[in-house]
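Student: Residue numbers (this note's numbering), protein chains in the order written: chain A, 15 to 415; chain B, 2 to 309; chain C, 57 to 438.
For the record, the hints were derived by calculation from the structure and aren't laboratory data.
Glycine residues also receive a C-beta, built at the ideal position from the N, C-alpha and C atoms.
Among the hints, a few may not be true.
To be verified - Calculated cross-link-like contacts (lysine-lysine; reagent style DSS-like; alpha-carbon spacing at most 27 Å):
#1 C:Lys63 / C:Lys205
#2 C:Lys251 / B:Lys296
#3 A:Lys196 / A:Lys294
#4 A:Lys57 / A:Lys88
#5 A:Lys88 / A:Lys189
#6 C:Lys228 / A:Lys221
#7 A:Lys221 / B:Lys272
#8 A:Lys191 / A:Lys292
#9 A:Lys361 / A:Lys57
#10 C:Lys228 / C:Lys428
#11 C:Lys428 / C:Lys62
#12 B:Lys87 / C:Lys205
#13 C:Lys415 / B:Lys87
#14 A:Lys88 / A:Lys355
#15 A:Lys361 / A:Lys88
#16 B:Lys87 / A:Lys196
#17 A:Lys361 / A:Lys317
#18 C:Lys415 / C:Lys428
#19 C:Lys63 / C:Lys428
#20 C:Lys428 / A:Lys196
#21 C:Lys228 / C:Lys63
#22 B:Lys272 / C:Lys228
#23 B:Lys272 / A:Lys189
#24 A:Lys317 / A:Lys88
#25 A:Lys292 / A:Lys317
#26 C:Lys205 / C:Lys288
#27 C:Lys415 / C:Lys205
Unchecked claim - Derived Cβ-Cβ restraints for the label pairs, each shown as a range:
#28 A:Phe192 / B:Asp131: 26 to 32 Å
#29 C:Ile408 / B:Arg90: 15 to 21 Å
#30 C:Ile408 / B:Pro93: 17 to 23 Å
#31 B:Pro88 / C:Asp148: 53 to 59 Å
#32 B:Arg90 / C:Thr282: 34 to 40 Å
#33 C:Ile408 / A:Lys57: 55 to 61 Å
#34 A:Asp393 / C:Leu266: 46 to 52 Å
#35 A:Ser271 / C:Asp148: 28 to 34 Å
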Amino acid sequence: MKKLLSLALASAMVLSLAACGGGNPGGSAAGNPTGSGSAAGDKVVKIGVFEPQSGDNGSGGKQEILGMQYANQKTPTVEIGGETYTVELVYADNQSSNDKAPSAAQTLVAGGVSIVLGSYGSGVSIAASDTFGDAGVPAIGVTCTNPQVTAGNSHYFRICFLDPFQGTVLANFAKDKFSATKAYCLAKQGDDYSVGLCNYFMEAFGKDNCVYETFPEGTSDYSSYVTNAKNSGAQVFFAPVSTEAAALIIDQAATQSLGMPMLAGDTWDSNVITAAAKGKDVDVNVTTFYQEGGNPEFDAGIKEWINADATNLTNNNGNDEVAAVTVMGYDAYYVALEALKAAGSTKPADVMAVLGGVEFDGVSGHIAFDDVNGDAIRDVAYVKHCNTETGSWEFVAQQGV
Amino acid sequence: MDLMNTVLPYLLSGISVGGQYALIAIGYTMVYGILRLINFAHGDVFMVAGLIMVYLSASMPLYLAVPLMIALTVLLGFLIERAAYKPLRTAPRMSVMISAIGVSYLLQNLALYITGGLNKNYPTIPWISDPITVFGSPTKRVTLITPFLTVALVIVLVWLINHTRVGMAMRAVSRDFETAQLMGIRINNVISVTFVIGSFLAAVGSMLYFSNYPGVVPTSGGMPGLKAFVAAVFGGIGSIPGAVVGAFIIGICENIIKGLDIILQAVGVLKEPLELATFSDAFTFALLIIVLVFKPTGLFGEKTTDKV
Amino acid sequence: MITTRKKTNLISLLLVAAMLALVIVLDQVIQPTDSMSMLLKVLQKGSIYALAAVSMNLLNGFTGLFSLGHAGFMLIGAYTYAILTIPSEVRDVVYQYYDAAIRLSFPETLGNAMGPVGTLLGVVLAIVAAGLAATLVAWLIGLPVLRLKSDYLAIATLGFAEVVRAVFQWGKLGPVTNGSNPLKSFVRINSFQLKLGGTTISLTTFVPVLLATVCIALIVLLVNSTYGRSFKAIRDDEVAAEAMGINLARHKIMSFCISSFFAGVSGAGMAMVLGIAQASNFKSAMTYEILLMVVLGGIGSISGSCIGAMLFIAASEWWLRGLDSGNFLGINAPGIFRNGFRLVVFSVIIMIVVLFFRKGIMGDRELPDLFKKRARKEAAGK
Chain A
15 MKKLLSLALA SAMVLSLAAC GGGNPGGSAA GNPTGSGSAA GDKVVKIGVF
65 EPQSGDNGSG GKQEILGMQY ANQKTPTVEI GGETYTVELV YADNQSSNDK
115 APSAAQTLVA GGVSIVLGSY GSGVSIAASD TFGDAGVPAI GVTCTNPQVT
165 AGNSHYFRIC FLDPFQGTVL ANFAKDKFSA TKAYCLAKQG DDYSVGLCNY
215 FMEAFGKDNC VYETFPEGTS DYSSYVTNAK NSGAQVFFAP VSTEAAALII
265 DQAATQSLGM PMLAGDTWDS NVITAAAKGK DVDVNVTTFY QEGGNPEFDA
315 GIKEWINADA TNLTNNNGND EVAAVTVMGY DAYYVALEAL KAAGSTKPAD
365 VMAVLGGVEF DGVSGHIAFD DVNGDAIRDV AYVKHCNTET GSWEFVAQQG
415 V
Chain B
2 MDLMNTVLPY LLSGISVGGQ YALIAIGYTM VYGILRLINF AHGDVFMVAG
52 LIMVYLSASM PLYLAVPLMI ALTVLLGFLI ERAAYKPLRT APRMSVMISA
102 IGVSYLLQNL ALYITGGLNK NYPTIPWISD PITVFGSPTK RVTLITPFLT
152 VALVIVLVWL INHTRVGMAM RAVSRDFETA QLMGIRINNV ISVTFVIGSF
202 LAAVGSMLYF SNYPGVVPTS GGMPGLKAFV AAVFGGIGSI PGAVVGAFII
252 GICENIIKGL DIILQAVGVL KEPLELATFS DAFTFALLII VLVFKPTGLF
302 GEKTTDKV
Chain C
57 MITTRKKTNL ISLLLVAAML ALVIVLDQVI QPTDSMSMLL KVLQKGSIYA
107 LAAVSMNLLN GFTGLFSLGH AGFMLIGAYT YAILTIPSEV RDVVYQYYDA
157 AIRLSFPETL GNAMGPVGTL LGVVLAIVAA GLAATLVAWL IGLPVLRLKS
207 DYLAIATLGF AEVVRAVFQW GKLGPVTNGS NPLKSFVRIN SFQLKLGGTT
257 ISLTTFVPVL LATVCIALIV LLVNSTYGRS FKAIRDDEVA AEAMGINLAR
307 HKIMSFCISS FFAGVSGAGM AMVLGIAQAS NFKSAMTYEI LLMVVLGGIG
357 SISGSCIGAM LFIAASEWWL RGLDSGNFLG INAPGIFRNG FRLVVFSVII
407 MIVVLFFRKG IMGDRELPDL FKKRARKEAA GK
């Protein structure tokens with residue numbers, strides 16, 4: 015009896031293998047506006063979306079996807095080699111986890127994508143890099159700022175600035191604006207993004223003037239770290255961590271009256287942070303890729319699109335504030351289209367060959383790749399400050415190194 | 002005096018989180034005392050209580066949401082016992098423990114599915130979330146309330162166990178499962194009551210914990226659950242006062258370790274930071290191993306020969 | 057009787073050889089961009105998990121010691137392997153924030169001295185070192201901890217794994233472990249290629265499958281030896297085993313060390329498959345998953361653990377993926393089949409197995425037993 019049932023279980027699994035394995039291993043996209051329901055005979059080109067939709071960086075990843083979906087909805091087709099192709103976005107959730115990232119990447123590769131966009135968060139991009147490299151599929155990093163993503167390989171490109179640049183900008187900002195001489199830096203253990211950015215910040219700020227601490231994964235009690243910052247005599251609190259942790263840190267900082275400005279990188283440029291800081295006595299400053307209002311036409315369009323759909327609104331954390339990562343996702347989609355056009359083919363190898371030479375005037379500025387690692391040539395970051403009364407971002411300065 | 006000002010905030014956080022661990026630890030220690038089962042799912046019940054509160058408070062006022070949340074958590078604890086542990090009553094202990102791990106896995110994955118893997122903001126409960134100042138250290142009122150509430154609940158619980166029929170039955174069952182059964186005690190009812198009490202305390206604990214650290218994710222229950230279990234072992238498993246004392250000690254030590262670099266530098270013992278904060282979680286487990294090896298019955302545990 | 061046993065052994069050996077040959081063929085036929093390439097990924101990851109599950113089964117199923125420290129030993133193995141195989145030219149890139157303390161790379165040093173054979177030998181040595189490092193730590197922790205029984209042992213080993221994870225993430229050990237940052241660029245499975253004349257034969261999937269097969273074969277030999285019988289005796293009745301003259305302490309620690317050795321090797325294999333080694337991946341959740349694989353396959357059955365691990369990995373990484381992305385078995389329901397549903401379905405299946413099929417797929421039997429039984433039945437029928 016038991017053997018029979020276990021056999022039945024096993025055969026059910028094998029059946030599902032037949033259904034999934036033979037059919038559509040990448041899975042069709044949930045909530046994809048164009049969908050795979052396009053008319054038969056249409057040529058389809060697949061773009062992989064390698065983003066976290068759950069875990070620590072889930073909300074950031076979802077905002078980045080929104081930009082790609084909006085762009086996909088605006089421009090659902092592309093001319094490749096004289097023929098019109100429908101663009102299909104294929105999604106894989108890397109769960110913000112370095113050990114889940116390679117298999118998520120493999121589902122994209124096996125799904126036959128021509129190019130991959132992502133990810134939000136550097137660690138998952140680094141972990142999945144080899145999978146893309148082995149298969150010869152090019153990838154465009156959207157907001158992964160750690161230098162190691164593109165260093166030493168020819169398939170990973172990126173359209174955002176890098177941490178050595180961002181860290182220096184932040185260190186200079188801390189010195190100039192707040193006349194800080196000592197900084198408290200907080201990173202998450204094993205997180206390439208926060209550890210890397212803290213490291214470059216400290217290099218620019220002066221290592222001896224920094225107190226550096228890390229917290230383990232799954233921490234929710236930040237009270238002692240806030241106490242450490244207060245006791246250390248620092249004048250700025252630098253914590254470029256994920257938005258999940260950031261919301262808790264801001265809450266704790268307000269509770270314990272931290273009494274010093276908080277600084278962070280691009281991850282904090284999210285309405286999760288403004289919501290957490292609203293009505294609290296905290297001074298939050300971030301560097302980012304784009305300032306809302308930089309392109310009013312784009313802003314209006316995407317706000318209307320977000321408000322029109324309840325799912326989109328939820329994915330954007332309940333309001334229509336445009337996050338910089340959404341803009342970057344939008345631009346990344348168009349860079350991918352440009353690459354496909356230039357390649358004149360949907361073969362990943364052809365796309366990879368031309369990707370380095372692609373240029374595009376995006377909403378976040380002009381995008382071009384350098385020859386060394388395929389990094390974006392960018393020399394400007396926007397500094398924003400959180401208005402805790404209205405719960406929204408205010409533009410402070412446009413800053414280079 | 003200066004040192005006192007440096008150390009006090011860590012102590013406050015430690016006492017507060019210790020009280021919250023204590024409320025979870027009682028659930029572990031009572032279940033272990035009766036069933037000899039490490040209920041791995043208990044920490045996840047604590048997390049689910051947090052999520053239930055998040056969803057309830059979105060649709061109803063707090064004075065309704067809080068009792069309903071507690072009721073639902075208690076129901077969950079009851080159902081878990083009936084569905085996952087009762088069928089295995091005669092099975093080897095290892096099977097029951099594996100079942101507990103399976104339930105924990107299921108609850109976490111369910112939470113992942115329902116929340117979409119995103120952080121859920123815990124509602125602000127007025128009064129207990131208000132900021133206050135204790136000896137010059139700003140904190141939330143819940144920090145101050147937690148230890149008192151914990152101790153009050155424990156006193157009620159100890160009274161319940163020592164002076165009521167069901168309490169007597171519990172003591173009998175934990176002393177000798179089979180004899181108690183022979184004496185006509187309805188074992189299943191007693192076990193259910195144990196799970197109900199444990200879940201009730203976990204629900205209260207979750208309210209206090211998440212008011213302090215207002216973010217709920219599917220893995221929120223894991224670490225507090227494990228630490229509470231260590232607290233139960235440290236205090237002597239099966240002993241309620243032991244679990245409470247153990248929880249406070251662990252809560253305080255953990256927070257002191259997070260600040261140990263700063264404290265030692267302030268005292269002048271250390272010149273360079275040692276990054277000791279990395280060990281704030283590991284310390285708890287190192288303590289566990291040491292206790293198990295050198296004093297397996299814990300601080301207040303009864304001396305029995307066949308336990309370890 | 058002896059001849060039938062020999063026959064079974066021979067058949068098993070032939071089957072294993074055929075399986076390995078098939079894997080090599082699959083490696084050549086399936087390209088990474090094919091939709092079937094998930095099969096290769098499942099085989100790679102599944103075989104490593106199978107080894108991990110079998111090594112846990114050796115302890116939990118055969119010796120009756122309920123240990124939950126597996127992730128800790130795998131972590132030690134993964135780091136040892138990674139540190140010893142990072143080529144010197146990329147070492148400074150990998151240790152970007154630290155000054156690397158260990159600059160020895162086995163495959164490189166031996167490769168320079170002996171050519172390709174040396175490189176291979178270096179990798180093998182690094183894998184053995186990974187196992188030995190885990191064994192050493194297991195021996196140290198086993199001395200005090202193995203005196204504990206059942207759930208106390210479980211919780212102590214679980215705690216031990218957490219301590220190991222924290223130690224490896226400690227910033228002050230950064231020059232060795234790279235702090236909490238990942239180790240990468242070491243020799244991974246994709247590095248294995250056989251060049252015969254003009255053609256290149258990819259061994260990407262063959263290597264992990266071979267590694268797992270060899271190790272599992274060693275464990276099978278051990279289980280069938282006198283030591284294996286002593287382990288089983290301890291599991292069934294400690295007092296009786298002791299009365300029969302089995303040295304409890306010695307056999308327990310032996311089982312613990314051997315299990316940890318193979319856990320360390322599987323950790324090295326995991327690093328080779330993932331191409332990245334990072335302490336934060338080796339959480340207690342990993343131990344639980346391996347335990348569930350063992351339970352799924354049947355506690356006390358080696359072939360069961362292999363089947364359990366393969367089913368677990370294939371279901372979670374491949375077959376059930378559709379449950380997460382809106383389309384499964386042709387049913388399109390993005391509202392229900394959204395992110396995380398796969399894991400819910402999966403954990404429900406596991407709970408059903410745990411509650412209603414406590415013996416798992418194989419119970420404590422092995423694959424050859426099934427055939428034997430059938431043969432006996434047929435004989436009886438005649």
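Student: Now look at each hint and say whether the structure bears it out.
Tutor: A quick look at each hint next to the structure:
1. With a C-alpha separation of about 40 Å, the suggested pairing of Lys63 (chain C) with Lys205 (chain C) is violated against the 27 Å cut-off.
2. Of the pairs offered as hints, the one joining Lys251 (chain C) and Lys296 (chain B) is violated, with about 60 Å between alpha carbons and a cut-off of 27 Å exceeded.
3. This hinted pair checks out: Lys196 (chain A) and Lys294 (chain A) have alpha carbons roughly 24 Å apart, not beyond 27 Å.
4. Note on Lys57 (chain A) and Lys88 (chain A): the hinted pairing holds, with a Cα-Cα distance of about 18 Å set against a maximum of 27 Å.
5. Taken as a hint, the Lys88 (chain A) and Lys189 (chain A) pair is broken in the structure, with Cα atoms around 43 Å apart against an allowance of 27 Å.
6. Between the alpha carbons of Lys228 (chain C) and Lys221 (chain A) the distance comes to roughly 16 Å, so the proposed pair stays at or under 27 Å and holds.
7. For the hint linking Lys221 (chain A) to Lys272 (chain B), the alpha-carbon distance of about 15 Å falls within 27 Å, and the restraint holds.
8. Between Lys191 (chain A) and Lys292 (chain A) the CA atoms are separated by roughly 22 Å; this keeps the pair inside 27 Å, and the hint holds.
9. Between the alpha carbons of Lys361 (chain A) and Lys57 (chain A) the distance comes to roughly 13 Å, so the proposed pair stays at or under 27 Å and holds.
10. Taken as a hint, the Lys228 (chain C) and Lys428 (chain C) pair is broken in the structure, with Cα atoms around 57 Å apart against an allowance of 27 Å.
11. Distance restraint check for Lys428 (chain C) and Lys62 (chain C): the Cα-Cα separation of roughly 13 Å lies within the 27 Å cut-off, and the hinted pair is therefore satisfied.
12. Using a Cα cut-off of 27 Å, the hinted pair Lys87 (chain B) and Lys205 (chain C) holds, with the two alpha carbons roughly 23 Å apart.
13. The hinted pair formed by Lys415 (chain C) and Lys87 (chain B) meets the criterion: a straight-line CA distance of about 18 Å does not exceed 27 Å.
14. Distance restraint check for Lys88 (chain A) and Lys355 (chain A): the Cα-Cα separation of roughly 17 Å lies within the 27 Å cut-off, and the hinted pair is therefore satisfied.
15. Between Lys361 (chain A) and Lys88 (chain A) the CA atoms are separated by roughly 24 Å; this keeps the pair inside 27 Å, and the hint holds.
16. Note on Lys87 (chain B) and Lys196 (chain A): the hinted pairing is violated, with a Cα-Cα distance of about 59 Å set against a maximum of 27 Å.
17. Note on Lys361 (chain A) and Lys317 (chain A): the hinted pairing is violated, with a Cα-Cα distance of about 34 Å set against a maximum of 27 Å.
18. With a C-alpha separation of about 19 Å, the suggested pair Lys415 (chain C) and Lys428 (chain C) falls inside the 27 Å cut-off, and the hint holds.
19. Using a Cα cut-off of 27 Å, the hinted pair Lys63 (chain C) and Lys428 (chain C) holds, with the two alpha carbons roughly 11 Å apart.
20. Between Lys428 (chain C) and Lys196 (chain A), the direct Cα distance comes to roughly 75 Å. Violation of the 27 Å bound is thereby established for this hinted pair.
21. For the suggested pair Lys228 (chain C) and Lys63 (chain C), the alpha carbons sit about 57 Å apart, so the restraint of at most 27 Å is broken.
22. Using a Cα cut-off of 27 Å, the hinted pair Lys272 (chain B) and Lys228 (chain C) holds, with the two alpha carbons roughly 14 Å apart.
23. Between Lys272 (chain B) and Lys189 (chain A) the alpha-carbon distance is near 25 Å, which keeps this suggested pair within the 27 Å criterion.
24. Distance restraint check for Lys317 (chain A) and Lys88 (chain A): the Cα-Cα separation of roughly 13 Å lies within the 27 Å cut-off, and the hinted pair is therefore satisfied.
25. About 21 Å separates the Cα atoms of Lys292 (chain A) and Lys317 (chain A), which keeps this hinted pair within 27 Å; it holds.
26. Between Lys205 (chain C) and Lys288 (chain C) the CA atoms are separated by roughly 16 Å; this keeps the pair inside 27 Å, and the hint holds.
27. Distance hint between Lys415 (chain C) and Lys205 (chain C) is fulfilled; the C-alpha atoms sit about 22 Å from each other, no more than 27 Å.
28. For Phe192 (chain A) paired with Asp131 (chain B), a C-beta distance near 30 Å keeps the hint of 26 to 32 Å intact.
29. Ile408 (chain C) and Arg90 (chain B) have their C-beta atoms about 18 Å apart, which keeps the hinted 15 to 21 Å range intact.
30. Separation of Ile408 (chain C) from Pro93 (chain B) is about 19 Å and conforms to the stated range, judged on CB atoms against 17 to 23 Å.
31. At roughly 58 Å, the beta-carbon separation of Pro88 (chain B) and Asp148 (chain C) lies within the given 53 to 59 Å, and the hint holds.
32. Evaluation of the 34 to 40 Å hint for Arg90 (chain B) and Thr282 (chain C) yields a pass: the beta carbon distance comes to about 37 Å.
33. In this structure the hint that Ile408 (chain C) and Lys57 (chain A) lie 55 to 61 Å apart at CB is violated, the actual value being about 45 Å.
34. The beta-carbon spacing between Asp393 (chain A) and Leu266 (chain C), approximately 51 Å, falls within the hinted interval of 46 to 52 Å.
35. Checking the proposed 28 to 34 Å range against Ser271 (chain A) and Asp148 (chain C) shows it is violated: the Cβ atoms sit about 43 Å from each other.
Checked against the numbered hints given earlier, this structure breaks hints 1, 2, 5, 10, 16, 17, 20, 21, 33, 35; the rest are met.
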